[in-house]
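Could you put the whole structure together from the sequences, leaning on the hints where they help?
Protein sequence lines correspond, in order, to chains A and B. Each residue of the first sequence is one higher than the last, beginning at 1 in this note's numbering. Each residue of the second sequence is one higher than the last, beginning at 1001 in this note's numbering.
Just so you know, these hints were derived from the structure itself, not from any lab. Among the clues, some could well be false.
What the hints assert, rightly or not - Capping the alpha-carbon separation at 30 Å, the derived lysine-lysine pairs in DSS-like fashion look like this:
{"#": "1", "chain 1": "B", "residue 1": "K1396", "chain 2": "B", "residue 2": "K1472"}
{"#": "2", "chain 1": "B", "residue 1": "K1165", "chain 2": "B", "residue 2": "K1344"}
{"#": "3", "chain 1": "B", "residue 1": "K1472", "chain 2": "A", "residue 2": "K472"}
{"#": "4", "chain 1": "A", "residue 1": "K165", "chain 2": "A", "residue 2": "K344"}
{"#": "5", "chain 1": "B", "residue 1": "K1477", "chain 2": "A", "residue 2": "K472"}
{"#": "6", "chain 1": "A", "residue 1": "K396", "chain 2": "A", "residue 2": "K165"}
{"#": "7", "chain 1": "B", "residue 1": "K1396", "chain 2": "B", "residue 2": "K1330"}
{"#": "8", "chain 1": "B", "residue 1": "K1472", "chain 2": "A", "residue 2": "K477"}
{"#": "9", "chain 1": "A", "residue 1": "K20", "chain 2": "A", "residue 2": "K604"}
Protein chains: 2
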Amino acid sequence: MNVQAKPSAVTTGPIRGSRKIYVSPPGRPDIQVPFREVAPTPAANEPPVRLYDTSGPYTDPAARIDLEAGLPPLRAPWLEAAGVEPGGAHRPRSGPSSAARPLARRPRLRDGGRPRSSPHCPRGELRAPWLDARGFETVEGRAVRPEDNGASGDRLLPPCPAPHKVRRGRPDQLVTQLEFARAGIITEEMVYVAHRENLGRLAAAEEAARRRADGEDFGAAIPEFVTPEFVRAEIAAGRAIIPANINHPELEPMIIGRNFLVKVNANIGNSAVSSSAAEEVEKMVWAIRWGADTVMDLSTGRNIHNIRGWILRNSPVPIGTVPIYQALEKVGGDPVKLDWEVFKDTLIEQAEQGVDYFTIHAGVRLAYIPLTARRTTGIVSRGGSIMARWCLAHHKENFLFERFDEICDIMRRYDVSFSLGDGLRPGSIADANDAAQFAELETLGELTRIAWAKGCQVMIEGPGHVPMHKIKVNVEKQLALCGEAPFYTLGPVIPDIAPAYDHITSATGAAMIGWFGTAMLCYVTPKEHLGLPNREDVKAGVIAYRIAAHAADLAKGHPLAQARDDALSRARFDFRWEDQFNLSLDPDTACAYHDETLPKDAHKVAHFCSMCGPKFCSMQITQDLRAEAERLAGLAAKSEEFRARGGALYVPEAAPAEKP
Amino acid sequence: MNVQAKPSAVTTGPIRGSRKIYVSPPGRPDIQVPFREVAPTPAANEPPVRLYDTSGPYTDPAARIDLEAGLPPLRAPWLEAAGVEPGGAHRPRSGPSSAARPLARRPRLRDGGRPRSSPHCPRGELRAPWLDARGFETVEGRAVRPEDNGASGDRLLPPCPAPHKVRRGRPDQLVTQLEFARAGIITEEMVYVAHRENLGRLAAAEEAARRRADGEDFGAAIPEFVTPEFVRAEIAAGRAIIPANINHPELEPMIIGRNFLVKVNANIGNSAVSSSAAEEVEKMVWAIRWGADTVMDLSTGRNIHNIRGWILRNSPVPIGTVPIYQALEKVGGDPVKLDWEVFKDTLIEQAEQGVDYFTIHAGVRLAYIPLTARRTTGIVSRGGSIMARWCLAHHKENFLFERFDEICDIMRRYDVSFSLGDGLRPGSIADANDAAQFAELETLGELTRIAWAKGCQVMIEGPGHVPMHKIKVNVEKQLALCGEAPFYTLGPVIPDIAPAYDHITSATGAAMIGWFGTAMLCYVTPKEHLGLPNREDVKAGVIAYRIAAHAADLAKGHPLAQARDDALSRARFDFRWEDQFNLSLDPDTACAYHDETLPKDAHKVAHFCSMCGPKFCSMQITQDLRAEAERLAGLAAKSEEFRARGGALYVPEAAPAEKP
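Structure follows, in structure tokens:
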């Protein structure tokens, strides 16, 4: 694989022990939401376990994968159907019933601050006319220029030949999910994510599946059952986003918000000294195979435009970027030479390609830079340091801040979501929660309100390196300052002393910050601080963060989260080894570890593993115990009696000090 | 390596980039406490960083390692010197000054619940006569029997030939650290651990080194500087233990308690289907190399006595065991055949060998067993399930509970500490914090008071599998029910769904429970639930748990913990790559990961890594910024002015909704 390598093959095929299924929401056979289903061994007499699935068509044996053709543009019909009228009124498709529906309706969901289950969208009404029909116009789009791919010269990677129409919303048209949500309109994306978050449960099946787990959600409001209307209301309130550029029709929509499942982002991207396009596309496919909900392409160096094209046309998950990286390449790598025109050009270039969210470091204000002067590790955000350099060189306010309204106007026309960058995040625990960090957060709160006023979806990036006792206040401040816009944190790393293990140091911080209310966790790989992650590092990072996100869901009391744990634990207790592997986050590795010491097929049904051996297997002994169920029942009665009598101990508490 | 393999070689040599040093407490040149010291590159002009070191003589290039001879018995002079008189009075070695010292003095350390720094033991007084002199008698000891090594037959491993005298305390003699502490006597072990916890700081250097970090310690009382008297008082109060069998003179003493550094235990041990003695000794040496503070030998199967001998004679850290495992081997593996005599015999056998702490599952009471009947995963503790089986088969109360006072009497005579086993800990998050678990914990609290009355040191084992929101109450209940006896938890694993990654799932829970007050964390390896860990798994588990323990120390506000993070972060910011590697928990892997993409020596001083490349290195850009220090100083003044004026934003908050 060399730098110019054109992507050809990626990892495909089902994840061990599961099959891909597609489930449609009631009344919407045209919307097909993907899941994975694990069927326990028949003898177990257990229902299949349905899992949230980020892996896209790559794990569907029926899908034909052709990277040059790109993925099927499943959102295209939703984006193209004409229907929404200028000014926000929508053209009904079937009768006038919807005309009576107030467009700017904002249902009152909050009841003493705690919304309950909100079945505002009962069955049968789902295929209502206000659901779709956006009719975005296609435009010619900006022509690709040589500098878009850096100084690639004869090492230019060919562009991805997949067909791509460029769409652009008009100023007088509803474009963003936020605008539709505020107008009371439920988009297909909203229907899709509601069904996805419910793991495909139907409203009718709700009762059976809901088992409200206990939990502490710190003021979040996770519903028992997610309705499309709930999704709409959360987006309208700014508490959730669906990052979904109208130029990324290949996307399988997902939602990011505190009242939904905690999500995971994986960063990929080459750097000037390492990696290639083929590697990066495979890293994307590999990352989503193991559970990345979104992927950020942080490529720098050569071929940046074309690599992004290959990734976008083949990505079923939202793609985020940091446009200032490419802008910097366009001015030869000198931050001082950056200006609004090159940045604006880059925004349009990437928005037309279909990037779903942009990290914008508009909070790195000139006045905050001196606050970093005495830090242990200064500024560790690449974008933050670039903007700080620019500000100081020109002694001017950050142009991203100065031009923020214009940035909003551009991003709104494609529904590119904001990921407001934390350019001043701490890079060591010594710098955690300092004046620079929180000054910027305050500014991000102000920018959030501006972006919302402009109709843009917004999430907020967070730290970084934070010791455990300083994590919670980060969430509290973010929620308060940024109006509950979704928080999207990098880690945090909780001690600094473990380079090569920062997927672990940070997954711990991530589990906690996710529990406290972070909506999406940006992974950290074992190579963080040391080098560019390879494919195995990407997997290690994603798995560590799936653990963190799931742990957060459990602790928040997500109603469906524990079902998978319980199914796996039952399999473990029953010695259904294959079921245990298949229900795990990484069946391949679980099986391989088991087989290291007990490789034979017979061992897959053995009632022990090599950890304790047959005689010392506590679970086998406990199973033996259960065989005495009759007797146990009798004992239970005795136990009650014993406890009712106060369960007095035979040994007096003050025993004699010595005994011969 | 086969099952009979006699240990021959283990991993030796310094840990990359550090040197072994020994530091004596003031006035005690005979006590030499080991540390590792990392000296940053001279150009950095940074002081050396002294690290707590569990690795024993194996990392000392000057030490001669001979597994057949065992480690030098450094505690022998302390244990042998005659001096403590029957009845607890001690024989002064130098003058009568100590006679005035009240023996049962318990200094009032608490001041509104929060002890301050307690310099009760000023310099110069340290070499006081009450420090040492125990004069334990040596006895012939129990003869080794064939069944001690199971049915080894011709596969019998030769015993470790290292010389070993069996010591036993008399009933009328002070034996345990708790007894000495209560008598107001500071043992050499207490002096040793105080110096060790201070990282060898001298009282005189205290001022300079103390930098009370901020933190939230949930009622712990971590002193700025640890004096031997503070150690004594904590042990006397039962809040800390020094597991140190008088038959384990090779031990480098360490302390386990909430007001000291959080410790890590690594489990090793063969099982009937896997591993050998040579492997287990190497696993012990390997585990302490990476930071295990204690090691539990959980061997079952053949050669169990002789493997333990090899481990003990070569272990500088406390060794724990679960004696019921060997007792079960002695009765042919059938729990029903267990009885008090075989168990008592096993206690004496192991106590004479030098085991420092025993897990005793005395809390698995007959009446609690039915409480596990409806659990998802029943009883998952091996010892717990064995005792449950016995109780039900005989329909009798657990004989460990019935005979608890006799067990205390035996353990006291060797100063074997109790690790009161949580035989009913949850094995899945579904079973966390249930009636069975907490019923047992209540009993463990009652047993703690009995053991204390008998003069025994005690710690309490804890779960297991617990979702994040249910962790804290475990510590709160344990502290309340068990009189603040040190808590020693296994994980907890916070979701069940990641077999093969349970070092990560559980390190997260461990970091949290350590923060809340757990004194020692029992590691979990990637092989947990799947098979017997190999050497690499042991390392992965230890490193993950060192991360957790250190994160807990930081969050609790341990005064010295952050020094290492800060030194590493400064090295990172200065691009001192070698220093960054050397200060990390695993210098070998950190360096290897860096070198994967940038292997040349020149890259070790490069101001970038392959993650971002030279142009995008935020830290390099920030360093450039700092070069403009003069200018920054001016800006700082402006920033103040700006903030004083209210830092008004240029953009009006309610921006127009659209812009052409």
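Hint-by-hint comparison with the structure:
no. : hint               : result
1   : K1396/B to K1472/B : violated (34 Å)
2   : K1165/B to K1344/B : holds (21 Å)
3   : K1472/B to K472/A  : holds (15 Å)
4   : K165/A to K344/A   : holds (21 Å)
5   : K1477/B to K472/A  : holds (23 Å)
6   : K396/A to K165/A   : violated (39 Å)
7   : K1396/B to K1330/B : holds (21 Å)
8   : K1472/B to K477/A  : holds (23 Å)
9   : K20/A to K604/A    : holds (24 Å)
Against the hints set out earlier in the document, violations occur for numbers 1 and 6.
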